[in-house]
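Number of protein chains: 6
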Amino acid sequence: MQLHLCTWIEVETYLQHNNSIIIPIGSTEQHGPTGLIGTDAICAEKVALGVSNNVKTIVAPTINVGMALHHTAFPGTISLRPTTLIVYVQDYVTSLAKAGFRKFFFINGHGGNIATLKAAFSQIYDYLDCLNLVNSDQVKCKIANWFMGREVYLLAKKLYGEEEGSHATPSEVALTQFVYPDVIKNAVLGEQVGKGHPIYGASNFRGCYPDGRMGSNPALATPEHGQQFYELAVKELTESYLEFIS
Amino acid sequence: MQLHLCTWIEVETYLQHNNSIIIPIGSTEQHGPTGLIGTDAICAEKVALGVSNNVKTIVAPTINVGMALHHTAFPGTISLRPTTLIVYVQDYVTSLAKAGFRKFFFINGHGGNIATLKAAFSQIYDYLDCLNLVNSDQVKCKIANWFMGREVYLLAKKLYGEEEGSHATPSEVALTQFVYPDVIKNAVLGEQVGKGHPIYGASNFRGCYPDGRMGSNPALATPEHGQQFYELAVKELTESYLEFIS
Amino acid sequence: MQLHLCTWIEVETYLQHNNSIIIPIGSTEQHGPTGLIGTDAICAEKVALGVSNNVKTIVAPTINVGMALHHTAFPGTISLRPTTLIVYVQDYVTSLAKAGFRKFFFINGHGGNIATLKAAFSQIYDYLDCLNLVNSDQVKCKIANWFMGREVYLLAKKLYGEEEGSHATPSEVALTQFVYPDVIKNAVLGEQVGKGHPIYGASNFRGCYPDGRMGSNPALATPEHGQQFYELAVKELTESYLEFIS
Amino acid sequence: MQLHLCTWIEVETYLQHNNSIIIPIGSTEQHGPTGLIGTDAICAEKVALGVSNNVKTIVAPTINVGMALHHTAFPGTISLRPTTLIVYVQDYVTSLAKAGFRKFFFINGHGGNIATLKAAFSQIYDYLDCLNLVNSDQVKCKIANWFMGREVYLLAKKLYGEEEGSHATPSEVALTQFVYPDVIKNAVLGEQVGKGHPIYGASNFRGCYPDGRMGSNPALATPEHGQQFYELAVKELTESYLEFIS
Amino acid sequence: MQLHLCTWIEVETYLQHNNSIIIPIGSTEQHGPTGLIGTDAICAEKVALGVSNNVKTIVAPTINVGMALHHTAFPGTISLRPTTLIVYVQDYVTSLAKAGFRKFFFINGHGGNIATLKAAFSQIYDYLDCLNLVNSDQVKCKIANWFMGREVYLLAKKLYGEEEGSHATPSEVALTQFVYPDVIKNAVLGEQVGKGHPIYGASNFRGCYPDGRMGSNPALATPEHGQQFYELAVKELTESYLEFIS
Amino acid sequence: MQLHLCTWIEVETYLQHNNSIIIPIGSTEQHGPTGLIGTDAICAEKVALGVSNNVKTIVAPTINVGMALHHTAFPGTISLRPTTLIVYVQDYVTSLAKAGFRKFFFINGHGGNIATLKAAFSQIYDYLDCLNLVNSDQVKCKIANWFMGREVYLLAKKLYGEEEGSHATPSEVALTQFVYPDVIKNAVLGEQVGKGHPIYGASNFRGCYPDGRMGSNPALATPEHGQQFYELAVKELTESYLEFIS
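Line by line, the protein sequences give chains X, G, Z, S, Y and E. Residue numbers for the first sequence follow the working numbering, so the first one is 135 and each next one is one higher. Residue numbers for the second sequence follow the working numbering, so the first one is 135 and each next one is one higher. Residue numbers for the third sequence follow the working numbering, so the first one is 135 and each next one is one higher. Residue numbers for the fourth sequence follow the working numbering, so the first one is 135 and each next one is one higher. Residue numbers for the fifth sequence follow the working numbering, so the first one is 135 and each next one is one higher. Residue numbers for the sixth sequence follow the working numbering, so the first one is 135 and each next one is one higher.
Be aware that one or more of the hints could be misleading.
Because identical chains cannot be distinguished in the list, a pair is counted as satisfied if it fits within a single copy or across any two copies.
Unchecked claim - Taking lysine-lysine and the DSBU-like style, the derived pairs with C-alpha atoms no more than 30 Å apart in a straight line are:
{"#": "1", "residue 1": "K232", "residue 2": "K274"}
{"#": "2", "residue 1": "K232", "residue 2": "K292"}
{"#": "3", "residue 1": "K291", "residue 2": "K369"}
{"#": "4", "residue 1": "K291", "residue 2": "K276"}
{"#": "5", "residue 1": "K291", "residue 2": "K232"}
{"#": "6", "residue 1": "K369", "residue 2": "K190"}
{"#": "7", "residue 1": "K369", "residue 2": "K276"}
{"#": "8", "residue 1": "K329", "residue 2": "K274"}
{"#": "9", "residue 1": "K237", "residue 2": "K190"}
{"#": "10", "residue 1": "K292", "residue 2": "K190"}
{"#": "11", "residue 1": "K274", "residue 2": "K237"}
{"#": "12", "residue 1": "K292", "residue 2": "K274"}
{"#": "13", "residue 1": "K369", "residue 2": "K274"}
{"#": "14", "residue 1": "K237", "residue 2": "K319"}
{"#": "15", "residue 1": "K237", "residue 2": "K292"}
{"#": "16", "residue 1": "K291", "residue 2": "K319"}
Honestly, the hints are just simulated from the structure, not real lab data. This structure is a prediction, so every number in the text was calculated from the model and none was measured.
Bound conformation, chain X alone (with noise of 0.2 Å):
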């Protein structure tokens, strides 16, 4: 159920029985030599493809730029500046909610989202209460992160170890092989990687970090762990939804 794939008239249908929507929100950046740009936005749409299967529930268009400036001094970054990405978010929201969507459940792939996306859903609280729309103390927003699941984390831990890292990470790497297992790269890392610098602007980035990688070792990455970390991903998220809608 993607609603890009509905009509009008199956959306309205929809809504007299549910008012829940799913929204994929990634990134488009650098992940290290070997992971994709798009690895951020990939994951979070495929997890919220298995969600949405198991729960019924329309899946919106994937939020494919996010807030990744510090990822900016490597090349193929885009982001949005996180008060752009607010504004774009409420507009988002506030379309869905005038139609009478109540309950959006953000499935996030980016780390770099999150600050932002919490301050968006603040301000669209506030938005939609001074736009007195109809029962706009129903809305609920949720940000729920695929890699940050219990039992992704120690699937990540168990095979990677230290390695697993916390940027272009062997398990994201996995879960973007197992969906494009056609397109997996190949390039000769560097022993030494960037490793517990603090994240601040996007040259001092690169500086910490020169290949992009942030301690992880993607090189140990197989489709299979991928679809081992999408099935995790997709049944904790299952559980975090059916918790958040009820």
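For this one, chain X is given, so just place chains G, Z, S, Y and E on it according to the hints.
Same frame as chain X, now just chains G, Z, S, Y and E:
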């Protein structure tokens, strides 16, 4: 060559000989009782991939939500306000321009985006100049509407005559059927269809066009037609692209 | 009937039987070596007054600065950024809409305003709806470009052929000569004139069009031509206005 | 020397010896039962032309809509919000500053503009500095209110005493009568007139000042008075201008 | 009665009989070689507490950063841009207005805030009206500048004559000495002091006023003077407050 | 060393050897029936002064209004919208960065600020880079939440167990009692307290948490506890600060 399936190192290499990029832009909006809500994004992306294949140019992630405020009285529509779309496109292009891209070829699937996108281009040229970006005067943006090509137009005329209409047209519906042959919607279309009304606000629009169609008969669409439209659009926009970058 | 020459009591009375208003919009920008910087505003205002006289509708103050960023490399040009023009027009229309006006007929003298003005209209409909304005769905905005009327076009073609060009045209220069017969500028125009280049940023534009003309020969203009253009434009836009409010 | 009647080449020449410009700013707002809605713009423009004639400085297009939110409960009033006026003036001045203008002398006809215009000046200095504009520290803006000059004040006092009031004053009405002797409105003014109330929001204002006058008796105005005010204002602002640019 | 020392239940009770609030607003900016950077906030807050004590009205948290862009060439200055201050004050007042407050008495310590604050008030009245706030027409904001009271002025004149100046004045320095008798700075003040220059941008300002003083001699200040200024200011603003709420 | 008690000359001297600054940020929001509305600002400021004393770093003025939209259904709460807080912090940091500060250590007292503040940091790095600020890549911002330190957490656990809750906690109330021992509020707390509900909009929040507490029992707080929390927080944030600037 899709940006989201590249690594940043591949982009860095690409930029050594090519500073152009193709950006599909669609919309998420009602397309009549049988048209897919994602029609405009689906068509733009498909055509963009075809052009990319011809000209070996990277395709950026599809902008799948555009300016569709006049459709927002139909559930399922998601729209940005024009000022939001402008700042969104500005951030999008700025990220790429800082990395070295200079020519931005937008393949557009939605008439409602045209005005705002052109406004955004003006804003972008000025903004990049204010940033003191190197060679900012070489930044060029162009919007190419697949549905406005001469041969596409003539084919639609030939196949559908007056019943092509101007929204939820059989030509765009056909193109989505070509892309998604398994997702062809059937619904009894009313005999009467709104026609010829100017477009104002959302509720006015729904009053004039009760089922969302604008003078069109999308029941005439077939996947085979869609393939024809696709091929013509790719041919025409390939030419347009080559002229643009020359 | 010019708004700035009315009292508020006259407007209150007017609104009892008429909720339409005409808004001239021009630009303050270079018009080649002999064209007046105020050309677009002068023409729009003059035509608006002519139409007003025919249809007994109030003319609001001329918006004399528009979207002319691409002309800003020529001194004397003043431009708003698109987002500024949008919010400006929004405030302008909102003030009038709150007072009871519902139909806004913009008579435009500058091609560069069109995209941004259309974007502004979409933003306005949505904004007034958000304000819960009474009968906000009756708000209608229309842009009418005096220089795009069919008869105006044919006359320009007949008088000037290819030398009409597309900026600093003899037709618009003629119209300003009709309005200001004492302010006719003479300068030796170079034999070569930029032609056929797409419009990008300001410095790029000046590079392509070194003296500001776009394929035009304004030396052909005469005040008598100007009167003809004026009369045709008033005739055509009077019809357009009557259709708009019907 | 009006900018809109110059060519860009004339401006280029002008800038070789003069980097100053005069900008009239008025408002479009109710001026009581007999005052013209355009009073403030009419007066500012007229005085600006007089000063320009004395000092041979270009006059830019009149900013005819200003900050008049408190008058918007009277039909015919058009107002920008302060943030809109700030960004409008910023774009206006930025265009001219990039071309080489450095001294901006605003001749103002509306008390309600003063605070926002001063705020805009502060914003502009900072903005141009952020743009790294050459010699941005030489940019100077000044607001000169024709109605606040000492001699203008004394004349109003002498002619009208207490009946000058503070809005829809006989002095400004007189000045418009001098400019438009054929557009003198007659209406029976109520004996009672609002007086001495602080200004808050629009509906509050209309409650306090039911016919729009603030303690004034505009019936005392004559075109001859208007000429006197005009001459004094031009004299005083000419001096003010000369001091400003020295 | 300071808001930050109340509980929300105390505020709820307070609102049953009083819908007024006092808001101190200062600035964080250089005050010459011996003046405290927080001078304006310190003075505004101190006077506000004194007035509050007289009139039993809650004092909201001090707005300690204001509009001081022209001082930003001196280290330690922190300034908002005018548009930021406007939206800041708008959010501030909106929160309180939604809770039931209607009268907002700003006690101001910085001349540079006045224009922007007045602009903010206009924006707020309009905004609250757009929100359809109950009784939005009863919202009233007033700015009261402690340093502009007649008796304060006369005392400064008497004590310091011309040496009062207009920034880093002995009167405001004295007031801070009264508040912080242990934080009295000593520095050798240069004999020459900038005087009489208009205020433009930050670097221009520092050029005109090299040590930050504007025609003042703060060495004349004493804590005893400060107490006198405090008492007069409290007396005058108490009267002003009572008039405001009556 | 408080910025507001320094002169600009002292700041200039300071910057010769130290480019760091501590910025306390709190909130103005309900803290249950007995908690002070200023709790978060009071705590952040107190702890900041303690850290400052240890590390000899200037403390900037406390940001006393933050992001507390979800508390705005309780009177006395004042909140900025996230986009307002972002631009506020951007202006705040930009002023200091232009003067030479590079390391910004925010000591935060309110969980609701975290997301927006982190978003602001991303926006700031990008903005300063756009300004072409010298060494903009050395700008570093960090948020340190006093209430999240490990030892603070363990003490709260030990003293209050489950009754610590997550808003209007006995630990933060205790800290305010330590600061203001004379302002200890007594009220009978209901036996039932909201607990475990996710946070959405303001009216939803008040419905879930009728008296404002979130699972806490602030009656357990004592000034002596407050001193312990203060000392631990200062110790932990001193370490955090030293690590940040190293």
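Consistency of the hints with the structure:
| no. | hint | result |
| --- | --- | --- |
| 1 | K232 with K274 | both (14 Å within a copy, 22 Å between copies) |
| 2 | K232 with K292 | neither (45 Å within a copy, 39 Å between copies) |
| 3 | K291 with K369 | within (18 Å within a copy, 33 Å between copies) |
| 4 | K291 with K276 | both (26 Å within a copy, 28 Å between copies) |
| 5 | K291 with K232 | neither (43 Å within a copy, 37 Å between copies) |
| 6 | K369 with K190 | within (14 Å within a copy, 40 Å between copies) |
| 7 | K369 with K276 | within (17 Å within a copy, 35 Å between copies) |
| 8 | K329 with K274 | between (36 Å within a copy, 18 Å between copies) |
| 9 | K237 with K190 | within (14 Å within a copy, 42 Å between copies) |
| 10 | K292 with K190 | neither (32 Å within a copy, 41 Å between copies) |
| 11 | K274 with K237 | within (5 Å within a copy, 34 Å between copies) |
| 12 | K292 with K274 | neither (35 Å within a copy, 34 Å between copies) |
| 13 | K369 with K274 | within (22 Å within a copy, 39 Å between copies) |
| 14 | K237 with K319 | between (38 Å within a copy, 27 Å between copies) |
| 15 | K237 with K292 | neither (35 Å within a copy, 38 Å between copies) |
| 16 | K291 with K319 | within (23 Å within a copy, 46 Å between copies) |
Taken one by one, the earlier hints fail for this structure at numbers 2, 5, 10, 12 and 15, listed in ascending order.
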